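Student: Starting from the given sequences, assemble the full structure and let the hints guide the process.
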Amino acid sequence: MSDLVQRAAAIAAEVAGACAHAVDRDARFPHESFAALKSARLLGAMVPRDFGGEQAGLADIAGACHALGRACGSTGLIYAMHQIQVACIVRHGQGSAWHRGLLERLAAEQLLLGSATTEAGVGGDVRRSVCALGTDGARFAIDKQASVISYGADADGILATARRAADAPPSDQVITVVMKDDARLVPSDGWDTLGMRGTCSVGYRLVGSGGLDQILPQPYAEISAQTMLPVTHILWSAVWLGIATEAVARARAFIRAAARKTPGTMPPGAVRLAETVAGLHQTRAGVADAIRQFEAAADADRLSSLSFAVAMNALKVNSATAAVRAVEGALLVCGLAGYRNDGPFSLGRLLRDAHSAALMINNDRILANSAGLLLVDKEDTGLFG
Amino acid sequence: MKRMSDAIFRDSAVTPQDLTEAIRAVLADCGCLAADAAAPADDDDLYGLGLTSQGSVHLMLALEDRFGIEFPERLLRRRTFSSVAAIREAVAGLIDGTAAA
Numbered sequence: 001m002s003d004l005v006q007r008a009a010a011i012a013a014e015v016a017g018a019c020a021h022a023v024d025r026d027a028r029f030p031h032e033s034f035a036a037l038k039s040a041r042l043l044g045a046m047v048p049r050d051f052g053g054e055q056a057g058l059a060d061i062a063g064a065c066h067a068l069g070r071a072c073g074s075t076g077l078i079y080a081m082h083q084i085q086v087a088c089i090v091r092h093g094q095g096s097a098w099h100r101g102l103l104e105r106l107a108a109e110q111l112l113l114g115s116a117t118t119e120a121g122v123g124g125d126v127r128r129s130v131c132a133l134g135t136d137g138a139r140f141a142i143d144k145q146a147s148v149i150s151y152g153a154d155a156d157g158i159l160a161t162a163r164r165a166a167d168a169p170p171s172d173q174v175i176t177v178v179m180k181d182d183a184r185l186v187p188s189d190g191w192d193t194l195g196m197r198g199t200c201s202v203g204y205r206l207v208g209s210g211g212l213d214q215i216l217p218q219p220y221a222e223i224s225a226q227t228m229l230p231v232t233h234i235l236w237s238a239v240w241l242g243i244a245t246e247a248v249a250r251a252r253a254f255i256r257a258a259a260r261k262t263p264g265t266m267p268p269g270a271v272r273l274a275e276t277v278a279g280l281h282q283t284r285a286g287v288a289d290a291i292r293q294f295e296a297a298a299d300a301d302r303l304s305s306l307s308f309a310v311a312m313n314a315l316k317v318n319s320a321t322a323a324v325r326a327v328e329g330a331l332l333v334c335g336l337a338g339y340r341n342d343g344p345f346s347l348g349r350l351l352r353d354a355h356s357a358a359l360m361i362n363n364d365r366i367l368a369n370s371a372g373l374l375l376v377d378k379e380d381t382g383l384f385g
Numbered sequence: 001m002k003r004m005s006d007a008i009f010r011d012s013a014v015t016p017q018d019l020t021e022a023i024r025a026v027l028a029d030c031g032c033l034a035a036d037a038a039a040p041a042d043d044d045d046l047y048g049l050g051l052t053s054q055g056s057v058h059l060m061l062a063l064e065d066r067f068g069i070e071f072p073e074r075l076l077r078r079r080t081f082s083s084v085a086a087i088r089e090a091v092a093g094l095i096d097g098t099a100a101a
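Protein chains in written order, with my numbering: chain A, 1 to 385; chain B, 1 to 101.
No wet-lab data here; the hints were simulated from the structure. From a predicted model like this one, the values you see are computed outputs, not experimental measurements. Each hint can be trusted.
From the structure, some residues in chain B lie toward chain A, with a derived Cβ separation under 10 Å: (1) L33; (2) D45; (3) Y47; (4) L51; (5) G55; (6) M60; (7) L61; (8) P72; (9) E73; (10) R74; (11) R79.
20 Å max Cα-Cα, derived SDA-like pairs, lysine to any residue: (12) A:K378 to B:E64; (13) A:K378 to A:L367; (14) A:K378 to B:A62; (15) A:K180 to A:L212; (16) A:K378 to B:R79; (17) A:K378 to B:E73; (18) A:K378 to B:Q54; (19) A:K180 to A:Q145; (20) A:K378 to B:G55; (21) A:K378 to B:R77; (22) A:K378 to B:P72; (23) A:K378 to B:L75; (24) A:K180 to A:A141; (25) A:K378 to B:R74; (26) A:K378 to B:E70; (27) A:K378 to B:R66; (28) A:K378 to B:S53; (29) A:K378 to B:F67; (30) A:K378 to B:G68; (31) A:K38 to A:G17.
A few chain A positions that, by computed beta-carbon distances, are all more than 10 Å from chain B: (32) R205; (33) G211; (34) L336.
We put the CB at the ideal spot given by N, CA and C, even for glycine.
Tutor: In structure tokens form, the structure reads like this:
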């Protein structure tokens, strides 16, 4: 385990796990976890050394997401969503002075970044925008009815998509940074959900402004294909895998305890546990392989290729499905002890959190996207891609 | 829909202008640009005119049908469909075989 993942695991064990129940019960932002992550300098870990960060790679960040997700799904997911925004700035912002300054601030001040990519009126399609950037001299203005801005109230800055200009079509999007001091967030609804309650993924009207140099120079379509989409699916999967791993760990502890009580007899759930563990191995292999593919995709061409998008879509759907299946398997193993809302084998929060996975960009939407790509994608991969 | 590849193989006099017009016709037919987009000039950014990644899939299928070609994996890139000129380069290469996979 790398030093970075160890630091995250320590915070997961000492802080995130300890507040997970209260975060879930009260549907509130996990302040304790993020204070600890900031003081361990884990929010700016991906920032290159030239800008004061530790230049952590995606595998390490995924490892941190996994460790945090085990202890508190909401903490893990917020950490993942923040790192997705950081990855976009690291990979697409270094050619612009303003974003280089932001990278320095991310490292020095350990800022927390959120995202406003969904919007009312586009039916959940993040690759179309209704709102357009208005420009006035060297400034832009944005007014976006965002269906969701996770932890918007606690973010120091928000990456928001919009049409490039008032006369641009819905798909001609840019993504810009809006800093907290330049933004007004008007909540459009409350927040009382089945799971992932600490993410506080409330809808907001985002009214903000900024300098034109805060807009990332590349089209959002390219940033999405080359970074946001693959990094999102990889880091989300790492969080879900963490939830699944925790559920299976509880099931393993349950079976061990049962086996100790009846030496010589195999506890009834032991075979089901073995099956669940096998599924977990498969999911872990999928995440590891996706990270390998992302790191091997050296150029923009490969990252923008259809077969890469199909692979990253497959990862998301597979991990989301597998997370629920793993927790359900653990539930069958633990029986009533898992179904209880108290006790060391309780699985309720894990199951509720895991069910968010298939809905975060709905699996059906992702499969429909892949179905379109597969009409023309001709890649015929060998055993190791 | 009329196929063009046979004609091109038979008649080397097919000009880039013919190909350009044929590509513009496919673009107009497949409805993958914004409804109010004007006919694109050679180097206009088609993504700026409303082409989406799913739209480019349908555009590619229409081009394959129209010209009797198949886009190999290495041409399945955003850049290939970024302008009429880029499409022309890819299609011309596929028709005369120089862009075969």
